[in-house]
Amino acid sequence: MSSLSHTLADSATMLRRNLRHMLRYPSMTVLLAGMPVVFLLLFVYVFGGTLGAGIGSGGGRGEYIVYVMPGILLMTVAAVAQGTAISVAMDMTEGIISRFRTMSISRASVLTGHVVGSLIQTMIAMVIVVAVALLIGFRTGATPVEWLAAIGIIAMIAFAVIWLSVALGLVSKTVESASNLPMPLTLLPFLGSGFVPTDSMPTGLRWFAEYQPFTPVMETLRGLLTGTEIGNSALQTAAWSAGIALLSYLWARKLYNRDPAAR
Amino acid sequence: MTENLTAAGVPRRAGSSADNASSAISAVGLRKSYGEKLVLDGVDLEVVEGSVFALLGPNGAGKTTAVQILSTLIGADGGRVRVAGHDLVGEPDAVRSVIGVTGQFSAVDGLLSGRENLRLMADLRHLGRAAGRARTAELLERFDLADAADVLVSTYSGGMRRRLDLAMTLVGDPRLIFLDEPTTGLDPRSRRTMWEIIRGLVADQGVTIFLTTQYLEEADQLADRIAVLDHGKLVAEGTAQELKRLVPGGHVQLRFADPAAFRAAVGALSRTLEDIPRDEDALTVQVPSDGRVRSLRALLDLLDAQSVEAEELSVHTPDLDDVFLALTGRPRPSTDTATEKAVTR
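Chains as they are written, first to last, in our numbering: chain A, 4 to 266; chain B, 10 to 354.
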């Protein structure tokens with residue numbers, strides 16, 4: 004077998020290992036999806052009536068749920084990524100990683116197994132979150148093609164954020180700090196166009212909100228699901244995702260390849 | 010000291026060793042430090058293929074670090090190492106494909122079952138589905154894990170985890186196996202089982218084994234050659250017998266019922282031995298001995314011939330503390346009992 008097919012085979016083996024872990028603890032996936040679901044319910048039922056009136060189109064709760072969905076979906080991405088950092092950090096404390104390091108296997112396969120596993124977990128969490136949203140009245144006129152594009156956008160940013168979380172999980176010395184480091188990611192939808200339009204924010208915050216990576220993602224999703232203007236948001240999303248993914252991958256690989264005893 | 014014993018710091022067979030086809034491990038001048046702390050200070054190792062080599066030393070001597078370097082887990086700061094004929098730095102993957110490592114801390118996946126752990130190894134060794142399944146079943150049977158095969162490993166006992174750990178190492182049929190303290194923390198029965206398994210590996214498959222241990226007895230039971238590591242330096246190397254001969258602690262103590270018998274015994278023993286340690290008040294003598302039955306019989310025969318009867322006989326076999334005291338002139342570090350021993354001596 005060539006080295007490329009070895010890499011693929013080893014990564015598939017590691018993915019099976021991560022999926023087994025996930026299957027054994029399905030509560031973990033449900034728990035990760037639970038956070039965005041709670042925020043969805045909170046924002047729609049507690050704040051939705053008031054916020055809906057303020058989003059410009061002069062709507063109420065029904066309009067707000069449509070507005071808030073992209074932010075909730077990104078929050079789901081961030082929540083799953085937090086789980087990734089935790090499970091990577093936990094893995095590194097296990098002796099089996101030392102075993103993998105002394106075996107003739109593709110080095111990155113341990114990490115790619117985590118990444119692909121978390122991507123699948125993200126999609127499962129998405130299904131749970133969207134199902135709850137549909138139950139409480141989320142309606143969209145999006146076509147199947149637009150839905151597919153939205154899923155593609157989510158997969159793209161999730162891929163980038165998960166690689167970042169893998170690196171954060173590797174750089175953490177304890178599982179506790181691994182669970183805290185990606186925390187700001189779950190707050191990013193708030194500091195962007197996720198819950199209220201950015202033009203209602205004070206200048207400094209608005210500047211951050213408009214240029215932070217999650218805003219173009221949420222604008223693209225909003226455009227695909229509700230038909231608002233997308234503009235160059237899709238392009239920005241692709242650029243941010245590629246940049247974050249590449250840098251995080253290089254960082255994670257460097258962290259993984261250093262001597263384990265130096266941790 | 011015997012001929013085969015090598016004092017630390019003297020380069021042995023350096024230069025020619027790298028080309029030796031029958032050497033499984035050949036290391037020259039291995040060095041490693043963590044910050045200011047020097048862990049390995051110029052260690053030379055030569056392990057013959059098909060043999061069992063034990064690295065003996067107390068906690069913190071550098072044993073685990075040596076295994077981690079030789080098994081490609083961490084890099085060395087200096088020295089040249091060839092494992093199974095491959096350069097450790099230049100061809101780590103070639104080394105990895107022929108070695109197996111069972112570490113001090115169990116390298117099993119607690120969230121998977123025993124069978125899944127073994128299948129994971131089979132997949133990573135690219136054995137193929139059918140071959141992997143067969144190898145897994147065979148190893149579960151051989152290591153007495155078949156009953157617990159489909160139970161999560163996190164519920165296994167220490168002995169079971171250690172057996173699974175070794176079974177996982179064996180999935181890829183490694184030619185060279187590193188065992189880092191394979192029985193530390195196990196109960197005596199599990200330890201015996203482990204020893205049997207290790208002996209079986211050498212006898213049946215002719216693999217080379219590099220093991221580390223804190224127990225002289227374990228090295229004695231398993232190893233063809235033993236190297237004693239202390240503070241990152243080899244202080245001695247040889248067979249178990251050669252090491253024990255260095256140790257003054259191995260002796261038989263005889264106690265006699267009355268001063269007459271005591272004097273007769275000292276008289277008889279003095280014909281062959283000089284300066285026998287004795288205690289006239291306690292009526293005891295200490296005769297240097299390796300503790301074997303043959304030499305005990307010879308000793309008793311000698312006394313019998315003089316019609317002297319010993320009231321009590323006790324055998325003192327040397328342990329790691331004695332070896333350390335003999336080799337380094339100080340007790341082994343980090344154990345209080347060793348310090349006490351040194352004081353009373």
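Read the hints as simulated data drawn from the structure, not as lab findings.
A virtual CB, placed ideally from N, CA and C, is assigned to each residue, including glycine.
Treat each hint with caution, since some may be false.
[Unchecked claim] Taking beta-carbon pairs under 7 Å as the criterion, some of the chain A residues facing chain B (in silico):
1) Met-106
2) Ile-108
3) Thr-201
4) Ser-203
5) Met-204
Can we keep the Ser-203 of chain A interface hint, with Cβ of chain B closer than 7 Å?
violated, 46 Å
Taking the closest Cβ pair, is Met-106 of chain A under 7 Å from chain B?
holds, 6 Å
Close enough to count: is the Cβ of Thr-201 of chain A nearer than 7 Å to one in chain B?
violated, 43 Å
Is the shortest C-beta separation between Met-204 of chain A and chain B less than 7 Å?
violated, 44 Å
Given a cut of 7 Å on the nearest C-beta pair, is the interface hint for Ile-108 of chain A held or broken against chain B?
Holds, because the Cβ-Cβ distance from Ile-108 of chain A to chain B comes to roughly 5 Å (cut-off 7 Å).
Of the numbered hints given earlier, the model fails hints 3, 4, 5; all others are met.
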